[in-house]
Amino acid sequence: MRTPLTGFHKASIVGGLLLVAAFCAGRQVGLSADPPATVVKANASETQPVETRTYRNQLTPLEDPQPLLADYPEYVEPVIESRRFEAPILIDEPGADLSVRAWRFSYNARGIVEVPNRIRAERTAVIMVHPWGIDDGQGWKTPEPAGVADFCTVEKNELAGRHTAEVVNPLLKRLRDRVNLVLYSMRGGEHPAHTPVYRSIRHRPTAQEHAAGMVALRKILKDFDYSGQPLPAEIAISSDHVFKDYFQQFPGIDAAAKYNHEGFWDLPIPICSAVDVDLDDVVYYDNDGYPGLRDFLKAQGVQHVILTGYATDMCFCSTTAGYENLSRDFNVFLVGDATLATFPANNTPRYATNAHISYASLNQFITQCSWIQLDEK
Numbered sequence: 001m002r003t004p005l006t007g008f009h010k011a012s013i014v015g016g017l018l019l020v021a022a023f024c025a026g027r028q029v030g031l032s033a034d035p036p037a038t039v040v041k042a043n044a045s046e047t048q049p050v051e052t053r054t055y056r057n058q059l060t061p062l063e064d065p066q067p068l069l070a071d072y073p074e075y076v077e078p079v080i081e082s083r084r085f086e087a088p089i090l091i092d093e094p095g096a097d098l099s100v101r102a103w104r105f106s107y108n109a110r111g112i113v114e115v116p117n118r119i120r121a122e123r124t125a126v127i128m129v130h131p132w133g134i135d136d137g138q139g140w141k142t143p144e145p146a147g148v149a150d151f152c153t154v155e156k157n158e159l160a161g162r163h164t165a166e167v168v169n170p171l172l173k174r175l176r177d178r179v180n181l182v183l184y185s186m187r188g189g190e191h192p193a194h195t196p197v198y199r200s201i202r203h204r205p206t207a208q209e210h211a212a213g214m215v216a217l218r219k220i221l222k223d224f225d226y227s228g229q230p231l232p233a234e235i236a237i238s239s240d241h242v243f244k245d246y247f248q249q250f251p252g253i254d255a256a257a258k259y260n261h262e263g264f265w266d267l268p269i270p271i272c273s274a275v276d277v278d279l280d281d282v283v284y285y286d287n288d289g290y291p292g293l294r295d296f297l298k299a300q301g302v303q304h305v306i307l308t309g310y311a312t313d314m315c316f317c318s319t320t321a322g323y324e325n326l327s328r329d330f331n332v333f334l335v336g337d338a339t340l341a342t343f344p345a346n347n348t349p350r351y352a353t354n355a356h357i358s359y360a361s362l363n364q365f366i367t368q369c370s371w372i373q374l375d376e377k
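The opening residue of the sequence shown carries number 1 in the UniProt record's numbering; numbering runs sequentially from there.
Any given hint could turn out to be false.
[Stated by the list, open to error] Computed cross-link-like contacts, EDC-like style, restricted to lysine to aspartate or glutamate with a CA-CA straight-line distance of at most 16 Å:
#, residue 1, residue 2
1, Lys141, Glu77
2, Lys377, Asp97
3, Lys173, Asp278
Just so you know, these hints were derived from the structure itself, not from any lab.
The whole structure should be built from the sequences, with the hints applied where relevant.
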């Protein structure tokens, strides 16, 4: 459950709310088979003839394999399937210096298929989807007494921050010096307060600009009034639509001004403080659209994407830098333990993340942090 609506989400607006799901702008939580939120036309390269080769799809059964995604069980429930196979190497680039083993599930194959890959780091981007800095000391915080944002409670937001610090940030630090670039996608458009703080496709701030900009950005965030209305004490219920009336007046999630205070979603969202952002890292704003992101990455020579971030069931799949878009134009590896799904009605994201990553594996390749290995120089 994440954010308010942007132009890149397809969900309906219920009862005039700014969003239905506070995590990813109106997308309902669930294992849906929805099409990508942004309809993107094929680019010129997709219409040009390309060289093809024959891949030997030989599946060799694996004997007694260890569970997948088992390195961080407090965040992701390990994946256990009775039948697993290994296939031949799929990508084997000349000059490769980065190994990325990955897996996908096939009902037709009756199991999980694991595939080794050898790619060039200089042709690879690491992207982190929506690393929102909320309830992390920078000033942007969950409105009280009933406001919602990001993972929608202070406790859930703090858990996501720990996951970023323990899992995602170490991966970014390990890969940053060798890959083409590290990029963060953020909701909405570029706020004037963002410009001196983060590199974008329009501006690269100096260290001095960054330092001064962070002070100004945090002041804006800390000066905001994070108070909202309390929960309704009384609800008007009709005799013929009891449940409908009840949920319309007391929904499971309402991130509009009633509970979040007017202007909350207009604030300049910072990158999570658990991420050690480098001045060369790029922030791409959802409102700039997927075609712009695609063209920017291709202009940098990117062919492969290692995808991390939040939330597995929403922004990670269906926002501008989600895999539904990126997989049209790049070889995308979803890092299954470097993402978290929303987890309403639970105190852990492990089961929801397992379910949504497993569903994604029908049409995407899944990897994990320990399977992403750079060659020694």
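Outcome of the hint check:
1. Lys141 / Glu77: Given pair Lys141, Glu77 is violated - Cα atoms ~28 Å apart, limit 16 Å.
2. Lys377 / Asp97: Given pair Lys377, Asp97 holds - Cα atoms ~9 Å apart, limit 16 Å.
3. Lys173 / Asp278: Since the Cα atoms of Lys173 and Asp278 sit roughly 9 Å apart, the hinted pair holds (cutoff 16 Å).
Comparing the model with each numbered hint stated earlier shows that hint 1 is the single one that does not hold.
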